[in-house]
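Enquirer: Okay, here's what each chain looks like letter by letter:
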Amino acid sequence: MTDDRIPPALRTEALEELLVERGLVDPAVMDGFVRTYENDVGPLNGARVVARAWTDPEFRGWLLRDGTAAIASLGFTGPQGEHMVVLEQTEQVHHVVVCTLCSCYPWPVLGLPPSWYKDPAYRARVVREPRTVLAEMGLDVPAGRRIEVWDSSAEVRYLTLPRRPAGTVDLIEDELAALVTRDAMVGVAEIGPVGPAAS
Amino acid sequence: MDPSDLGGRPGLGPVLPPSRVEPEPPFGRPWEGRAFALTVLTMGRISGRNLDAFRFALSRLDRAAYFDDGYYGRWLNAAELMLTDSALLAPGAVDARARRRRGEDVTEPPVPEPARPDYAPTGPGSLRTLDRPPRFGPGDPVRVLTRRPCAGTGPFKVPGYLRGRAGTVVAVRPPHVLPDAHAVFAGEHPQHVYTVGFTSAELWGPEAEDATVHADLFEIHLEPR
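Those sequence lines, one after another, are chains A and B. Counting in our numbering, the first sequence runs from 1 upward without gaps. Counting in our numbering, the second sequence runs from 200 upward without gaps.
Calculated from the structure, these hints are not laboratory results. Please note that a few of the clues may not be correct.
Unchecked claim - In silico contact screen, one side only, chain A against chain B (beta carbon under 7 Å); selected entries:
#1 6
#2 8
#3 9
#4 10
#5 24
#6 33
#7 82
#8 116
#9 123
#10 124
#11 128
#12 148
#13 150
#14 153
#15 156
C-beta: ideal position from N, C-alpha, C; glycine also.
Bound-form chain A, shown alone (with noise of 0.2 Å):
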């Protein structure tokens, strides 16, 4: 039956336009819907964050203690945001997250998940074998740093706080943010040194 399958596509036309006729959903909140998600949030909010956490300590102390509140001050609720818990990453230690019973993940500040957070490998996997699977993911973390895995399991979202990058003293705090990535919110990546402390 498997050249019988209806592809997703036609599968989702085919419930929208149920639902359409039912008067169950409206195309135009639909189309408001997806382009939020594809314009207004995304994972800048959460690299705003981690800039001012990174320029401004009472800030920084702050979300470390109270992350919802902190975030919120900037501007960033919603679903899947109401109680926003913030692990810093350190020398001693590398936080990663992951939601191994469906792909829970801080909408407010990062969006929607990329596809890796969403594949069934690293939701089976990280728990389970996580300095090898951050290695797979480009990430080599030092055998002496402690590694904590933060599973999603009920509605607590976290977001890590990497480490500033060397080279960076001069830089303002837009300019920072422009150098973090979703992965280092996530705890799968750093964020490398700039300018001459690349080399």
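Using the hints provided, position chain B relative to the given structure of chain A.
Expert: Leaving out everything else, chain B in the frame of chain A:
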């Protein structure tokens, strides 16, 4: 077997290399954005944005429906399951409409009599307040139950790899509605929630890579040890 409970499951191969494109577009193909919006709106239609009911629907999909069309494919299938559960759609209605759209001569099932749950959450989101104090505090040794502690048809919201394992409470989080009941529209039953840390040796044996794994667990699923 619950296809969604993936923690520790062997045989899934290498992880995907993270995209070098920053940011990766949220919807790789146009239908994924439509499926996302349809699902979110469907959850609202059925009963007050019940995310736990949606996750329970995901966990009841068969293997093919869960895995074959990726993340938004499983969203689409779970949305359809929620819609047929509450008789907003007849079983087979989406399949029949899709076949008609591609020119097949099939009969669509009649529109059923809706049987939506008579249920509304007491507030937005999943966090609630509780008068009773938390049973556990940071540093307390706990063990995760192996079976669902209460009767009912809902999920047992504990990752399989943690059931029966010994851990230590590291933080007390705000109380949440209990998915085991909320997912089947049987009340909110708010619970204290704890972040519990487990050693990798406790979870996977003495040969495991050294790490600590944390998860957020509901009070009703923990016992003191």
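Enquirer: Hint by hint, note whether the structure agrees.
Expert: Outcome of the hint check:
1. Checking residue 6 of chain A against chain B: minimum C-beta separation of about 5 Å stays under 7 Å; hint holds.
2. Interface hint at residue 8 of chain A: satisfied, since its Cβ lies 4 Å from the closest Cβ of chain B, which is below the 7 Å cut-off.
3. For residue 9 of chain A, the suggested interface contact is upheld, since its CB lies about 4 Å from the closest CB of chain B, less than 7 Å.
4. The beta carbon of residue 10 of chain A comes within 5 Å of a beta carbon in chain B, closer than 7 Å, and the hint placing it at the interface holds.
5. Using the Cβ-Cβ criterion of 7 Å, the hint placing residue 24 of chain A at the interface with chain B is satisfied: the shortest such distance is roughly 5 Å.
6. At its closest, the beta carbon of residue 33 of chain A sits 4 Å from a beta carbon of chain B; the interface hint therefore holds under the 7 Å criterion.
7. Among the interface hints, the one on residue 82 of chain A holds; its C-beta lies about 5 Å from the nearest C-beta in chain B, closer than the 7 Å criterion.
8. A least Cβ separation of about 4 Å between residue 116 of chain A and chain B falls short of the 7 Å threshold, and the interface hint therefore holds.
9. Hint on residue 123 of chain A holds. Least Cβ distance to chain B is approximately 4 Å, under the 7 Å limit.
10. Interface hint at residue 124 of chain A: satisfied, since its Cβ lies 4 Å from the closest Cβ of chain B, which is below the 7 Å cut-off.
11. For residue 128 of chain A, the shortest C-beta to C-beta distance to chain B is roughly 5 Å, which falls under 7 Å, so the interface hint holds.
12. The interface hint given for residue 148 of chain A holds, since its Cβ lies 5 Å from the closest Cβ of chain B, which is under the 7 Å cut-off.
13. Interface hint status for residue 150 of chain A: upheld, as the beta-carbon distance to the closest one in chain B is roughly 5 Å, under 7 Å.
14. With a least beta-carbon distance of about 4 Å to chain B, the hint placing residue 153 of chain A at the interface is held under the 7 Å criterion.
15. Hint status for residue 156 of chain A: holds, given a least beta-carbon distance of 5 Å to chain B, under 7 Å.
Against the hints set out earlier in the document, no violation occurs for any number.
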